[in-house]
Every structure is written in structure tokens, then in C-alpha cells.
Amino acid sequence: MTATAGMDWHNPRHWQHHVHLEWRHARRFRSCLLTVLACVLLIGSIPYFLSFDTLKQFLVSSLSADTGRTLRIDGRARAVLLPRPALLLEQVSLSEPNRPDETFALADSLEARLDLWSLLRGKPKLRELEIERPELRIRRDREGAFNFDDLLRLEGSGIRVALNVVRFNDMRMRISDEFTRQTFSSSALDVSLENLSDPKNGRLTMNGIVQVGPDEKTRLWQGILTANAAMRYSEKERRLRIADLQIDVQQEGASAPSLQLKDTKVSMLGNLDFSWNPLRFVGGDLKVTSSGKRAEQNWTGELVVPEIRIANGVLALHRLKMLVNMKSQAGRFLAAFEVPTLAGTQQGILRTDAARIQVELGSPQQTLALNFSSPLEVHNGSLLRLPDYRLQGNYSNRSLPRGAIPFDLQGRGELDLGSETLYFDNAGALDNSPFNARIGIENFVNPAYSVDLGVDRLDLSPYLPAVTEGAKTADQDSPFDFWWLERMNATGSIRIGELVLQKMHINDLAFRLHASDRKLVLDPLAARLYGGRLSGRLELDTSKPEATVRVQQTLSRMDINALLNDLLDTRRFEGFGSLQLDVAAVGDRMSDFRRTAGGSVHMQLSKGAIRGVDFPAALRVINQQIKALNGEPVDFSRLNAATSFSELNAGFVLRHGVATNSDMSIDAGIVKLRGNGVVDFAAGEIDYLINASPNPQVPELAGLRGMTVPVSVRGPLATPRYEVDYASLREQVEKQQAAALAKPPLKAAGSKKN
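Under full-length UniProt numbering, the first residue of the sequence shown carries the number 1, and numbering increases by one thereafter.
These are calculated hints, taken from the structure and not from any lab test.
The reader is advised that the hints may include incorrect statements.
What the hints assert, rightly or not - Just the calculated beta-carbon pair ranges, DEER-fashion:
id, residue 1, residue 2, range
1, E132, R412, 49 to 57 Å
2, Q580, A702, 24 to 32 Å
3, D244, F184, 20 to 28 Å
4, P340, G418, 25 to 33 Å
5, F444, F184, 39 to 47 Å
6, P214, Q580, 39 to 47 Å
7, E539, R390, 37 to 45 Å
8, E132, L334, 20 to 28 Å
9, L279, G362, 41 to 49 Å
10, K327, N98, 32 to 40 Å
11, A330, D353, 46 to 54 Å
12, E132, L279, 36 to 44 Å
For glycine and all other residues, C-beta sits at the position ideal for the given N, C-alpha and C.
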């Protein structure tokens, strides 16, 4: 039985006696405890009222010796023990290593809290850090090192870093990344990292404003940032894990005019791992989504990297996928990107041998589908190169309604996101014909193209609208469709060995183009067509309600019959020769061009014929009629023949679609033709006078010797009426007869006088 077993605890006297005995035995312990507490309170409270210049000197000299940095404390410096040991600094600045005039960080105040027991053991640990109104200038070099790595290694100062809490209040920060060549800044940023040493309860919260720009005075973009994550810091492994990270950035205000961004939002989800000393990203997973408007374009994007690993200086992104989508009134853009593994050094090139990229560009008028399979290189985070790709795809537009033109190419390409440039150099097959192309694009909002294209043969007939057998290949009243020129901004050269447009064949087509502001200039423009050679220039201006076209061309050794059949739907002429024209017209259809055409045309033909009329045969008939003086009209339509000629020359002046000529000259062997008149292309009518002069040496035309036969040509261009001016012939006959009567008779040779 114990000593207290028989005590009556309900009896107050017994209870008081027991307490008195217990406190009596603990009197020595009480005295020691009260003495220690009094000393601690006294020592811990004194530093709140005293400023230690020696503490300043100690911190300045220690940091300078350990890091080469210059620490300035323009305010007070204090050390406290209660409620926990801490260093309190005010108006603090810290320089870059060995550069005292270059500031790394500023702060209104800094409180560094130390672990008490580690301090008592003489091995202090830094457990908490709270900084008011700091300003940090962080830089990451091309090797991946930060300009604060040395601050994470404080062995020389005797203080170990084992942070549990870090807070930055109202922080301004500027981050320059020399590897990606990007600069970010923030203001009014509150960052809190709590319970870092707790394996389950560490947290990160962040709120503030982030900015993007090349320097502090130039702000390209600004947004409001919020972030949350679980923080897991392992002191043993010296590793920090950011788990369940969620970052949202919403644009605030207008961006720089060069970006034209508004309503943009970026969200990040993932898990990130960092080594602590030095601070390096070592792996994780990440998903980034974005949306916003650029000019009139609505963009969305998604990047998924399920596995990120960094080991031995090598970065590997596994199963990477990216999707980019853009929609606007002008068109749409869709790109899907898949890479099994993208790997390389952080300071060098990230590469994969098996990237697959699908791209679709479309509009209400056209669609371009591209499928790349290629090695891929990523330089500095913003320069992408496809060094040896295979590209398969097709192109279609509403002017080619019966199918898409396929192509299969190989080449190399480069995309620079920083400068917004894209370049391709291809060779392969376009519609199963040898093809090569160099294409460059600048500015992704208002793209400017540079092109150098060459194809052996391009037959568009299978893709053009079907034409009924026997129908005209072109409707004169069908409006032109200049949709392709609305947003075109391009310069370059194009060469086509053979271009087939249904019945029209154009060979060796080559031109230099310049297109902008809905205007197109082809200069020089050369081709072989109609059996001859074309050279000159063409201008097309669609910037006004009615389009304007100007053609300045020289056609040499051409087939005039094929040309006039295509232009005027007539086959009245045969022959080869040259044509010089400088013609301008206004309108939105071919009939408008024919009605408004103005300029000049000069034609020279040789060894040809005028179909539908045989002037020599007609003159033979007229010669017989002159003998009989019966004046019976000649039916030219029954003379199913042609007038062959060795040479034809004519010059026309065009005004408002009406061509006037006064100098036509035709050498048709036994007859010479001279003409003048007008041709109304808009109405499709001709009113022309041809004066036929027979060769006096031809016996069968002897009756027309010395006379000119006037023939009027009137009516539709395709089927004109030919009429002989018999009244003029009678006048000429009567004049010849009168002249013969007035002439005295010649005396007979050898006659004698009476």
C-alpha cells in the first residue's frame, strides 16, 4: 500500500497538507525556473530598443566575404530573441557579385527568423523570411544559372538555410531570361510560401500584376496573376516540389499596338520539381491553356507535357502535344503538334526525330491542308526548325469547285515566334508534276508573303467548273471574283512550264508579282501562247468599287485566229504576226472591260487570210458587171472562201470600248485593200469601209483598171454584211468614159499630109 492510500481526499486538512509537502520539495526548482525566465525576458526585450552597429558591420562583412556582394543597411539593424530569434533590417539593398554599383535587390524591411535550438547549439538555421516592399532583379543566363544562386549557399556565414516560411509583400520583380530572350516584370505582388518543411501542408499563394516588355519603361502587355500550389520541401534531399500548381493570368488594359492583344487569359496546371542548392528545375508535368483576341482573330491554345525530366543537364519533354486554333471573319487556322520525346541540353537545342504537325488554313474561299512529318529543333525556346520534312497536303478554292490540288513535297522550314517569321524551302510534286517553292511569311496578323514558285505543268481543267460541249468557255456577263486579292500582300516570282485552262494552253509562263492594298502588278510578264511570245506587264486595281485593269503587252509570232476567238469570239482572221497593245479598262466583268476599254493597238500580220470573204473572186464578178453595167449586187456570203494576204498592218485607237482605225493596209496579191472605220466591242458591231484596188496587170480584172472598189462592212462582228458601193463604181466608170471622149484621137502611124 502507498503512503497516500489511507488519506481522505474529501478532508480539506489532508489536501492542504499534501500540497504543502509537494511545493516544499520543489522550492529549489521553482527558484531556478523563475530566474531563467527573467533573464530570457530581459535579454530578449533589450534588442527591441537598441540598434547594433556591430551587427550591421558583421552582416556587411560576412556577406561580402561569402558572395562578393555589397550589402547596404541605410536604416536600423536589430537582433531579437523573443518571441523567436530574428534579425530585423530596414532600408536594405544588395548588389550583384563584385559589382557594388549594380543593384540586385532592394527592400523597405527584412525580417529573418532563426531556429532557437539550432541557435543555442551554435549552428543557426534560417527558418522564416519576410520582406516588405522588395524589388528584385532576377536574371537567368544561357547556362541556366540564376544571379541569386550564391545566396542559397551561406556556409561561410555559419547560417544554414532551412526555410519553413517565406513572404514577399508588395513586391516588384523583374525577370530577364537570356536563354529565351524574354523579359517579365511584376508589381504589387504578394507571395507567400508557408510550411515548406511540412511534407503534407506546405502552400504557395501568389497575387499581383505581371508585365511583359523589353525594359522597365516599355510595357507590351500586363495582366493580373493569381496562383496556388502545395509546397513540399525536403531538407534532406534539398528539393522543392510545387504540387497541384494552378496559375491564372488575365489581361488588364490594352497591350502595345504592335501586339494588338485583348481579353487574353493564360492558365497553367501541373507539378514542378526544383533542386534547392543551386535552384534548378528538374522535372514535373504541365498543362497550359490560353485564349484571347489578336486584332480581329480569336485564338485558343493548349499545351500538354505529361512528363518533364532533367538529368545530367539534359531536358526531356515526353509525349508532348500542342493544339492552336484561330478563327476570324477572314478565315481560320488550326495546328496540331505531337512529339514522342523532345530532348536536349537546356542551354542548347531541343530536338526530336519524329514530330508530326497538322495544319489547316481556311476561309470561305479557300482551304490549305498540310501534314508534316519531320525532325524538329527548338532553339532558345522561340525558334523552331524543320531541317528535313516531308509535307503532304492539298489546296482548294471556290474557283476550283471540282476538287483539291494535291502535293507531296520535301524540304526544310523555320518558324521564329519572336520576330513572327515563317520560311519554307520545298521540292517535290504538285498535282503529279515537278514543283519547287520557297515561301516566306512575316507578321502573323497582317501577313506579308515572299514567294518563288516553279512548276513544270499545271492543268486546272479537272478542277475548273464543267463546261458544256459547244458552250463558250467564258460568260461575258459573269462577274469577276477577286476575293484572292482582298488580303494579299505578296512579292516574288512564279514560273509555270505549261498552264492548261480547259482549251487554253499557256507555255513558259513567268512573271514577277507585287500585290498589296488590293492591287496586283505583274512586271515583267512573259509567256508563250497562241503560237507566239508575249512580254510586257499587267496591272489590276480592285481597291475601288469597280476594278481597273491595264495591259501593256507585245505579242510576237502569234496565231491571230486563236487570239481573236478567245477575246472577241470571232474566227474572221488567220495568220501569224505581232500585236502591240496598251489598253486599260474599268468594270467587274468582261462585258464591262469591252465597253470601257481605252488605249492603242497595233497589229502586223503576214501570210494569213480573212475568212468568209474572197475579195479577188468578188472583184472578178464586179469586173464582169462593169462590162455589162448591170450593177447586180454581189452576194459575199456565197463566196465560201477567204482572202489570202501576204501582209496586214493596222493601228487602232480605243475610247470607251470603241476602236477607230484609219490606216489598215492589206496586200492580197492581185488586190490591195485599204480601210478605215470603227469597231464597237461593247455592242459587238463593226462599221468599216474597205477600198479594194485591183492589180492592173491581171487581165481578168482589166475592166477595173484605175478604179477603187468601195466595200462597206457592217453588222455583228461574227457575221458582218459586205456591200459594194455600186454608185461609186458608176461614177468612176462615167469619169473614165468622159475622160476617154475628151481625149483627142491619136494619128495612125506613118500617115501623110494632104
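- [ ] Could you work out which earlier hints the structure fails to respect and list their numbers in ascending sequence?
- [x] 2, 5, 6, 8, 10, 11 and 12
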